[in-house]
Amino acid sequence: MPDVKEFVKRAASPPGALAAEAAGLAWLAEAGGAAVCAVREVREDALVLERVQEVPATAAAAEDFGRDLATTHAAGADRFGAPPPGVVGDAWIASLPLPMTHDPEPWGTFYAQRRLEPYLRAARERGAVDAAGAAVVERVCARLADGDEGLVAGADRPARLHGDLWSGNVLWSPSGAVLIDCAAHGGHPETDLAMLELFGLPHLERALDAYVEAAGTTDGRRERVPLHQLHPLLVHAALFGGGYGARAVRAAERALAL
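Residue numbering for the sequence shown follows the working numbering, beginning at -18 and increasing consecutively.
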């Protein structure tokens, strides 16, 4: 059989979504940290990527990934909500708009207004979150907007985030982890880490320990994991309904305990 070296991603994506993804991959690659899948061509209806030869993950590869992700985050961004260079306006996460910012704003305000509230509205419209559950999430948003120290800890400067860092977007090649399908932007570094914990990763604890050794974290990171998982849970509630809405409300309740 021929050696296929390309993967063509064709999706019913909103206009500009594939170009934004390609720009995000390039921005992450510029950090010199975690490896990303090389983009060979951007078309209106497709993204041509270098095919990754997948192998089983190893503990050593997971540790390398943790250290490399710390380097990617440390490359930073101009502001919370900054898109990759070349992306004008909002980006996308799956088929949903991913709001970006044009002016600097505190992380708590950014996370509440651009990462929680839009997806809470969408989840409510879908019927995945009821009025009582929405009120719990809204209490979290109010505390974030007020700059509550228990919630906004660690948001000293914007990190360069992958933005959709679940295990399916981390491929394992003979040379280590390779990232795909990003929703890159400037954000809180704990957000990427919390998403890894939400959906699992081979040798997760080894990767997290290596990250912490390389980058350090602010006290209380483990306790803030539900807060940072609230965004992807609301996205999933808006897209798929089911039990994701209830999980989002439980995460919000845990965040309110901080």
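No lab work stands behind these hints: they were computed from the structure. Any given hint could be a false lead.
No more than 25 angstroms apart at the CA atoms, straight line, and that leaves these computed lysine to any residue pairs for SDA-like [claimed, not checked]:
1. Lys(-14) with Gly108
2. Lys(-10) with Glu44
3. Lys(-10) with Asn150
4. Lys(-14) with Ala19
5. Lys(-10) with Ala75
6. Lys(-14) with Ala38
7. Lys(-10) with Ala12
8. Lys(-14) with Asp59
The calculated label-pair distances, taken between Cβ atoms and stated as ranges, are [stated by the list, open to error]:
9. Val(-11) with Glu194: 46 to 54 angstroms
10. Ser148 with Val(-11): 19 to 27 angstroms
11. Gly108 with Glu11: 40 to 48 angstroms
12. Arg32 with Phe221: 44 to 52 angstroms
13. Glu25 with Asp127: 27 to 35 angstroms
14. Asp84 with Glu25: 28 to 36 angstroms
15. Gly223 with Glu186: 39 to 47 angstroms
No experiment lies behind these values; they were computed from the predicted model shown. Glycine residues also receive a C-beta, built at the ideal position from the N, C-alpha and C atoms.
Taking the hints in turn, this is what the structure says about them:
no., hint, result
1, Lys(-14) with Gly108, "violated (43 angstroms)"
2, Lys(-10) with Glu44, "violated (29 angstroms)"
3, Lys(-10) with Asn150, "holds (13 angstroms)"
4, Lys(-14) with Ala19, "holds (11 angstroms)"
5, Lys(-10) with Ala75, "holds (13 angstroms)"
6, Lys(-14) with Ala38, "holds (21 angstroms)"
7, Lys(-10) with Ala12, "holds (24 angstroms)"
8, Lys(-14) with Asp59, "violated (35 angstroms)"
9, Val(-11) with Glu194: 46 to 54 angstroms, "violated (38 angstroms)"
10, Ser148 with Val(-11): 19 to 27 angstroms, "holds (23 angstroms)"
11, Gly108 with Glu11: 40 to 48 angstroms, "holds (42 angstroms)"
12, Arg32 with Phe221: 44 to 52 angstroms, "violated (28 angstroms)"
13, Glu25 with Asp127: 27 to 35 angstroms, "violated (43 angstroms)"
14, Asp84 with Glu25: 28 to 36 angstroms, "holds (31 angstroms)"
15, Gly223 with Glu186: 39 to 47 angstroms, "violated (28 angstroms)"
Of the numbered hints listed earlier, those contradicted by the structure are 1, 2, 8, 9, 12, 13 and 15.
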